[in-house]
Amino acid sequence: MRVLIIEDDPANQKFLLHSLEQNGYDAVVAATASKAEELISAQTFDGIILDLGLPDEDGLTLITRLKSAGMTAPVLILSARRSVDERVRGLETGGDDYLTKPYALPELLARLRNLLRRKDLSATEDNTVLRVQDLKLDLLRREAMRGEEVIELTTREFSLLEYLCRNAGKMVSRSMILDQVWGMRIEPETNVVDVHIYRLRNKIERRGAAPLLRTLRGMGYVLRDK
Amino acid sequence: MSSAINNPPGSVRTVFTAAWRISIWSTLVFALGATVAFVFLHHYVAGVIEQRSDAWLLGEVSVLSDVAERTPRGALYDRIVDEIAELATKEVPADPGRKTDTTNSVFFIETDASHALKLWVGSGNSAPYLDAIGRSSITPGQPEDVDIRGFSTPYRVVQYQTEDGNRIYLGMSERNDRRVLGRMRAYFLAIFLGIVLLGFALAFFTSKRLLRRVRRITETAARINQDNLQSRVPTTRVNDEVAQLAGTLNHMLDRIARAVHQLHTITDSLAHDLRSPITAIRGKLELALMANQQENASEPIVSALEELDRLADLLTRSLDVAEAEAGALRMHPTNLDVGELIQTMIELYEPSLAERDLQVALYRLNAVSIQADPGLLHRMVANLFDNAIRHLPRGSSVSITLESRGATGRLTIEDDGPGFPTEVRDHLFDKYAKGPQSTGNGLGLAFVEAVVTAHGGTILATNTPQGGARLVIDLPLAG
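Protein chains in written order, with the numbering used here: chain Z, 1 to 226; chain Y, 1 to 479.
Simulated from the structure, these hints should not be mistaken for laboratory data. Just so we're clear, the structure is a prediction, and the values are computed from it rather than from any experiment. Be aware that a few hints might be false.
What the hints assert, rightly or not - Just so you have them, the derived chain Z footprint on chain Y, three or more residues with Cβ under 8 Å:
no., region
1, 41–50
2, 140–146
3, 271–279
4, 308–315
5, 345–357
Every residue gets a Cβ at the ideal spot worked out from N, C-alpha and C, and that includes glycine.
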């Protein structure tokens, strides 16, 4: 997977390049809009990570121009602006995504993953049953089972577990959970998400078995897939 | 702690409009002026007519007396005077162009010194005339009004005393004069009514047209709020007072828009300048954490990450509050059901609240839907719940009541905790105001107030009679 990183800040550039390479992406960096345009015209990328504040051009203008010129690669927009522009929201509905700075790396990776997957919708999306180890989620019947035992879950707990299962083996942050499960981009000052996870954990974990749901302090949670 | 809610101008009943009042007053003043002018004119015309009649009477009576004095007494005397008098009655000054009925209009009487009738020229019986003259005392050569039985209008009578002691009376009915004046009054009344009605209609429609422009300006100005600073009130090519008002308003809006834009630029660049390094630091910490996942060395990295997130959050909130206080919060409003939104937030916070033994009850008395930015409202309610979790003692309960009152939706949040501490009660909504035991950043309620104000609402914080805290938030309902 080839990803183009368009970012002018050297420290963030280095960090993104390093993290993406570590996660198995083939990443290329462009520090300016003109450099990015040059690269895109010369080679094909599967995805683009774009910082809105570029020195020579507004990132949105660049993207709009590239898209109208026939570029199909999905774009993950990084914005240091606090509230997100209407135009960015427009792009979100057009198949792209955005993230405000500072972001957590797992969230960036998760969103990038989603974007690239959205591009070639594979059969995994059509699954009506999700399996992670001996955990089984029947999405049609909204039923969760651990082994042979049915787990009683509320609607929201089911959605939370479904989200964790879909991202099994990968870390999800608290803000990702709030965004994807509750549909709100808020940053609570109290540990609301942790308490929901705690309740869910009490229902899905079994005494004697290795824990399924692991906390990564300062980052988020991961549902182990093996 | 209240800010006026901008009511968009609704329809006003005609009788309450300024156009109506202006027309009523101008018409009244005009009518009064016209009436006063007419009274003077009437008085003048009546005087002129009377003078003319008097001059005629005096002239005729002197001719008659001359004849009476010069004609020797005898049978001839009566005939000559009779004829002269007859002629005189034919010369009555009447208004021109109109056939005037001269019957009964002039009479001639000659009496002797003892007031006995000597000669009578006129129509009908002389008795009532003689009687009326007997009752009134008329100075010779001075015409006066005399009322005669059987006639509704008085007679103008002049007396002349001949040298032999006889008295000559010449009277003329004022009927024709009165008729002229009466016709003048009728004409005036008709013209007056026509002009007053026309004037009123004219004043009403011109002022209404003028004020409609003012109204359009008001409507546009009411529609202009912080997420829509680009629209301007309509202007016209005519450079009158209303156009100047519109121009001034637009000029002011330009300045506000520039100031808001400047603030956005400043906060954006500040946010950018601070966030990019925070992002870089965060990235380095994350890489370090991934490298030492299993070791104890990760603890300082984790707490550094957490501190950094708090710093970033504080930065976001401070800039939000700064923008909101300047009335420049960026909003993307949609139609929102506040009850649904709070229900979702309660569901999100329920485990955290339960963990602290806090009970929350939501009473939705009416459906309340408002035009609001969902992101801002989510964060506002999250702030309120964070506050509750932080400040309420275990076992407290919170009740949230949602009701609509006319054009506003009211959200009342009450708890049975210790209430707002006295130290901060007067500046609860100020930035960085917090109670002595507070562990928050002091931006929570400032942000809540900012969001409420940005949506055109008001917020009021008090303590309940039982000592708990109470917040009352009023937000305008969706049109």
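Here is how each hint holds up against the structure:
| no. | hint | verdict |
| --- | --- | --- |
| 1 | 41–50 | violated (count 0) |
| 2 | 140–146 | violated (count 0) |
| 3 | 271–279 | holds (count 7) |
| 4 | 308–315 | holds (count 4) |
| 5 | 345–357 | holds (count 6) |
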